[in-house]
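Protein sequences, first through last, are from chains Z and G. Here the first sequence stands for residues 1 to 206, where the numbers follow this note's numbering. Here the second sequence stands for residues 1 to 126, where the numbers follow this note's numbering.
Source of the hints: derived by calculation from the structure; they are not laboratory data. Please note: incorrect hints may appear among the correct ones.
[Said to hold, decoys possible] If the Cβ cut is set under 7 Å, some of the chain G residues that face chain Z in the computed set are: (1) C6; (2) N57; (3) L79; (4) Q85; (5) F109; (6) V113.
[Unchecked claim] Label pairs and their in silico Cβ distance ranges: (7) H74/G <-> P138/Z: 51 to 61 Å; (8) E173/Z <-> G36/G: 40 to 50 Å; (9) H74/G <-> P69/Z: 35 to 45 Å; (10) C7/G <-> T153/Z: 32 to 42 Å; (11) E96/Z <-> R25/G: 17 to 27 Å; (12) R25/G <-> G79/Z: 17 to 27 Å; (13) G107/Z <-> I95/G: 38 to 48 Å; (14) N96/G <-> S169/Z: 17 to 27 Å; (15) T82/Z <-> V5/G: 47 to 57 Å; (16) P137/Z <-> R105/G: 32 to 42 Å; (17) T153/Z <-> I95/G: 23 to 33 Å.
Given the structure is predicted, the values throughout are model-derived calculations rather than measurements. Just so you know, even glycine gets a beta-carbon here, dropped at the ideal spot from N, CA and C.
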Amino acid sequence: MGMQQIPSTRLPATSDLAAMLAASSGSLTNAVLISAILQGSMKLPEMFVEVEDDRASVCAQSSELLDVPVIDLSKLWTGGETDRQSVVCAMAEACEKWGFLQVENHGVDLKLIARCQAQAHRLFERPLEAKERAHRPPGEKFGYGANTWVDQTVRHWAESFSLQLHPYSNIAEYASKLFDSEQEDFRYCMMFSSDCKLVDIASSFA
Amino acid sequence: MHGGVCCVCSETLEEYMGEVEKLARQLTELLAEGLGLPPTRLNHYFEESAMVSMRLNLYPPCPEPELAIGLRAHTDPHLLTILHQDNVVGLQVFINEQWVTVKPRPECFVVNVGDLFQVHTHTHIQ
């Protein structure tokens with residue numbers, strides 16, 4: 001599937017896009033903005049332009065990729081105390097040297113991860129109307145939308161779903177907002193080329 | 001029909017989070033021990049009232065990628081964040097005064113030690 005048109009009520013002619021973005025930038029979700037910009041082949045509007053210091057350094061050449069050492073957790077499940085201690089040391093060392101670590105053989109089924117990724121893609125492929133039903137209002141923690149961070153006016157070039165598992169789960173509530181409408185037309189689903197998608201899943205504790 | 005689609009989605013996300021939470025508990029004990037704390041010192045962060053959240057991020061192609069950013073430079077305010085990336089580059093870390101792109105490994109988790117952890121260990125982690 002390639003790009004498709006969204007309903008005309010949502011997407012004005014390209015010539016009107018700049019005016020529309022300027023007029024209602026505060027209330028539009030990133031899904032609406034990003035799809036309008038991509039489909040209109042527009043230049044990047046001001047609201048997405050980072051100040052120079054905060055821009056990403058572009059170094060996607062494979063030779064420049066940092067290959068952070070990977071800590072193999074399989075020793076924890078099968079090994080003895082010596083193996084456990086070696087994992088403890090490797091983790092502390094990575095933490096102090098890099099500030100983060102990478103783990104493999106972590107015990108989470110790779111098929112489950114793939115299923116979760118597939119569901120994440122399905123959520124992002126929901127039509128704009130569905131995403132708006134799940135919209136996260138300014139100042140709220142959960143729902144759909146990657147707008148600004150507190151005190152910052154530049155938007156992230158991203159879409160996000162923020163959900164909670166504990167102390168109570170709101171996952172089913174948001175899933176029903178996104179999927180519960182029989183009138184929706186699935187032809188509107190794919191907004192972006194599937195080639196350039198990057199989905200990540202960040203799970204946070206405490 | 002839509003109820004079914006919806007249930008599969010929420011059940012899958014909750015199943016994933018449940019498994020990742022188990023891993024997070026184990027990693028927290030191992031990290032606490034490695035950084036000089038009693039291993040169970042931070043376990044109270046996993047009690048019933050604790051906050052466990054997830055964020056799904058999509059980074060669409062950008063018409064002028066050199067001008068924009070998908071997620072601004074930050075440190076995590078939490079205890080621990082367990083990140084799964086797909087196989088497209090994007091994550092950068094600040095090391096030795098420069099931003100470096102991390103090689104994506106879909107079979108791995110990136111484990112980020114948050115600000116809350118550092119408060120407990122009094123260590124300065126990058």
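*Check each numbered hint from earlier against the structure, then list the numbers of those it violates in ascending order.*
7, 9, 13 and 14
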